[in-house]
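Here is what each chain is made of, one letter per residue.
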Amino acid sequence: MSELFDAVTLSRTARLAGFVWSTEELEALRPAVEAALRLLATLDALPLDAVEPTTQYRIL
Amino acid sequence: MSADLPFASVTELAQMIARKEVSPVEVVRVHLERIATHDGTLRAYITVCADAALVAARAAEAALVAGRPSGPLHGVPIALKDLYDTAGVATTAGSKILAGRLPATDATVVRRLREAGAIVLGKLHMVEFAYGPEGLNAHHGAPRNPWDASVERMPGGSSSGSGVAVAAGLAPAALGSDTGGSIRIPAALCGITGLKPTYGRVSRAGVLPLAWSMDHVGPMTRTVADSALLLRVMAGYDPADASTSVLPVPDYLAALSGDVKGLRVGLLRGFFLESATPEVRAAVEGAATALQSAGAIVDEVALPAVAHVAAASYAVVASEALAYHTGWLKARATDYDPEVRKRLQLGAFVTGAHYVRGQQVRALIRDEIDGALARRDVLLAPATPLTAPRLDERQTTLGDGPSDVRGALIRLTRPFNCSGHPACALPCGFSAQGLPIGMQVVGRPFDEATVLRAADAYQRLTDWHTRRPVLA
Numbered sequence: 062m063s064e065l066f067d068a069v070t071l072s073r074t075a076r077l078a079g080f081v082w083s084t085e086e087l088e089a090l091r092p093a094v095e096a097a098l099r100l101l102a103t104l105d106a107l108p109l110d111a112v113e114p115t116t117q118y119r120i121l
Numbered sequence: 073m074s075a076d077l078p079f080a081s082v083t084e085l086a087q088m089i090a091r092k093e094v095s096p097v098e099v100v101r102v103h104l105e106r107i108a109t110h111d112g113t114l115r116a117y118i119t120v121c122a123d124a125a126l127v128a129a130r131a132a133e134a135a136l137v138a139g140r141p142s143g144p145l146h147g148v149p150i151a152l153k154d155l156y157d158t159a160g161v162a163t164t165a166g167s168k169i170l171a172g173r174l175p176a177t178d179a180t181v182v183r184r185l186r187e188a189g190a191i192v193l194g195k196l197h198m199v200e201f202a203y204g205p206e207g208l209n210a211h212h213g214a215p216r217n218p219w220d221a222s223v224e225r226m227p228g229g230s231s232s233g234s235g236v237a238v239a240a241g242l243a244p245a246a247l248g249s250d251t252g253g254s255i256r257i258p259a260a261l262c263g264i265t266g267l268k269p270t271y272g273r274v275s276r277a278g279v280l281p282l283a284w285s286m287d288h289v290g291p292m293t294r295t296v297a298d299s300a301l302l303l304r305v306m307a308g309y310d311p312a313d314a315s316t317s318v319l320p321v322p323d324y325l326a327a328l329s330g331d332v333k334g335l336r337v338g339l340l341r342g343f344f345l346e347s348a349t350p351e352v353r354a355a356v357e358g359a360a361t362a363l364q365s366a367g368a369i370v371d372e373v374a375l376p377a378v379a380h381v382a383a384a385s386y387a388v389v390a391s392e393a394l395a396y397h398t399g400w401l402k403a404r405a406t407d408y409d410p411e412v413r414k415r416l417q418l419g420a421f422v423t424g425a426h427y428v429r430g431q432q433v434r435a436l437i438r439d440e441i442d443g444a445l446a447r448r449d450v451l452l453a454p455a456t457p458l459t460a461p462r463l464d465e466r467q468t469t470l471g472d473g474p475s476d477v478r479g480a481l482i483r484l485t486r487p488f489n490c491s492g493h494p495a496c497a498l499p500c501g502f503s504a505q506g507l508p509i510g511m512q513v514v515g516r517p518f519d520e521a522t523v524l525r526a527a528d529a530y531q532r533l534t535d536w537h538t539r540r541p542v543l544a
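Protein sequence lines, in the order shown, are assigned to chains Y and A. Using the numbering used here, read the first sequence as starting at 62 and increasing by one per residue. Using the numbering used here, read the second sequence as starting at 73 and increasing by one per residue.
Among the hints, erroneous ones may be present.
What the hints assert, rightly or not - Derived DEER-like restraints, expressed as beta-carbon distance ranges:
#1 A:D323 x Y:L107: 34 to 44 Å
#2 A:T538 x Y:L107: 41 to 51 Å
#3 A:R173 x Y:A78: 45 to 55 Å
#4 Y:T74 x A:R466: 24 to 34 Å
#5 A:G479 x Y:S83: 20 to 30 Å
#6 A:R404 x Y:A89: 15 to 25 Å
#7 Y:R91 x A:S329: 33 to 43 Å
#8 Y:S83 x A:P311: 43 to 53 Å
#9 Y:A96 x A:D323: 46 to 56 Å
#10 A:A446 x Y:S83: 45 to 55 Å
#11 A:A403 x Y:A93: 20 to 30 Å
#12 Y:D110 x A:R540: 50 to 60 Å
#13 A:D439 x Y:A68: 37 to 47 Å
#14 A:D439 x Y:A96: 24 to 34 Å
Unchecked claim - Sample of chain A residues with no beta-carbon within 12 Å of chain Y, all distances over it, derived:
#15 Q87
#16 M88
#17 A171
#18 R173
#19 L174
#20 P350
#21 D371
#22 D464
Since the hints were made in silico from the structure, they are not lab data. Note that the Cβ used here is the ideal one computed from N, Cα and C, for glycine as well.
With the hints as extra help, turn the sequences into a complete structure.
Here's what the structure looks like:
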């Protein structure tokens, strides 16, 4: 996982989101980013094709 | 009389004031004195509105003498988490970024409470921008859990000051907000009652957001009856909040019959009960037994889709929080609490597809909870799987293995932020160390009446909610 998210990749991803963060800052974030991406990857494994996302709900 | 006032319930105070047995001025003074005595240690308040509260109390006294009481909360003091807008009073969400911010108007619920006669004592400490469940804040320090202040235990958050103030008798009631459990977690850790109403039941207008689709606002009190009284005032359609429902607001107090005969209660096993520490698990099972002995029909139920709540909740909250904070995160990043800044930065690595998948999982969780409640009136679970950790504690052991403290605290509450179902946390025991144990009662959407009836019935059967911390 660490090879996939080197400093350059992290920096480019952050820039795509509109943020310019230092290498030091991104390195400090790296463990949490990788943990978050592992968590989010579990969503990709779920059979959700037939599930309509909750957007605005239950307003009666 | 004065010695008992700090721990009188809202209901009792309202009745005593209406009967002119006690003056609103005396009630406010007693609370201000108690704040002056104990808040240096407990740190529940970020702003105390002493002068304004006394002015309002004198006006309430005059109105009472003139035979013009304002409403059901006439002369009763309350305190507000520091993210509720209050006209002319600093509202900062516990941040440096909003230091000195003076809203021009009250949040809708604050206005409704004032119109009902409530008097605002002050604003309460919180986790910066409500982003965290431990109750920690690098700018202001953490409020101390009054049940073990000497060991410096977490009050829970993000409504940390609200939990501490109500538990310690520094306010008879407070308002909190709940995006992943921030009303119910401090309620559980501080031994009080906290109600997260159905999404759409109470207006969020004028309440600073964390994640719009997960945010709920609600009361934190010492009794379920008090939460029922406050909810009646707070709830209802608000044109300033498009998510509020037009459904009529019932008289929640009238629903508190004390009768649970035939009430169908589903005890949540699996993800919920098995993760709890043995003490918490035994206390919640004991609560189920108590309700059964009073005539409720208890069975067990599991919610398998809830296993995915952490990923779904993370995708949604991280994205929505980053969207709200983008401007400040670019311009004033160093003014954030470092922990909160890190949580916000992580949102930059969540994709749009992740967000939508999170919303899809929310639909699964919502449907599964709806299914469980199709055959039951309420569900019962621990509010938190553990009692208050030490302030410096980062890792813990739950019933099903090791966990980081942050994840442990929000594990059992956030499923109902994802689904929007109403949930009420209340004390159901104490640990061997003397720390409160909290459970939550969950109900059908917009059926807070049944949630409150079940929770109130339990409080009539037990005395956990009447215990008070001993303060130095």
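Verification of the supplied hints:
1. A:D323 x Y:L107: 34 to 44 Å: holds, 42 Å
2. A:T538 x Y:L107: 41 to 51 Å: holds, 45 Å
3. A:R173 x Y:A78: 45 to 55 Å: Violated, at about 26 Å.
4. Y:T74 x A:R466: 24 to 34 Å: Check passed, 27 Å falls within 24 to 34 Å.
5. A:G479 x Y:S83: 20 to 30 Å: holds, 28 Å
6. A:R404 x Y:A89: 15 to 25 Å: Taking Cβ atoms as reference, R404 (chain A) and A89 (chain Y) lie about 19 Å apart, which means the hint holds.
7. Y:R91 x A:S329: 33 to 43 Å: violated, 56 Å
8. Y:S83 x A:P311: 43 to 53 Å: holds, 45 Å
9. Y:A96 x A:D323: 46 to 56 Å: This hint holds: roughly 47 Å between Cβ atoms.
10. A:A446 x Y:S83: 45 to 55 Å: holds, 53 Å
11. A:A403 x Y:A93: 20 to 30 Å: holds, 23 Å
12. Y:D110 x A:R540: 50 to 60 Å: holds, 54 Å
13. A:D439 x Y:A68: 37 to 47 Å: holds, 42 Å
14. A:D439 x Y:A96: 24 to 34 Å: Check passed, 29 Å falls within 24 to 34 Å.
15. Q87: holds, 34 Å
16. M88: Consistent with the label, M88 (chain A) stays out of reach of chain Y, its closest Cβ about 37 Å off (over 12 Å).
17. A171: holds, 23 Å
18. R173: Fine: 24 Å to the nearest Cβ keeps R173 (chain A) off the interface.
19. L174: holds, 30 Å
20. P350: Fine: 28 Å to the nearest Cβ keeps P350 (chain A) off the interface.
21. D371: holds, 26 Å
22. D464: D464 (chain A) clear of chain Y: closest Cβ-Cβ about 19 Å, beyond 12 Å.
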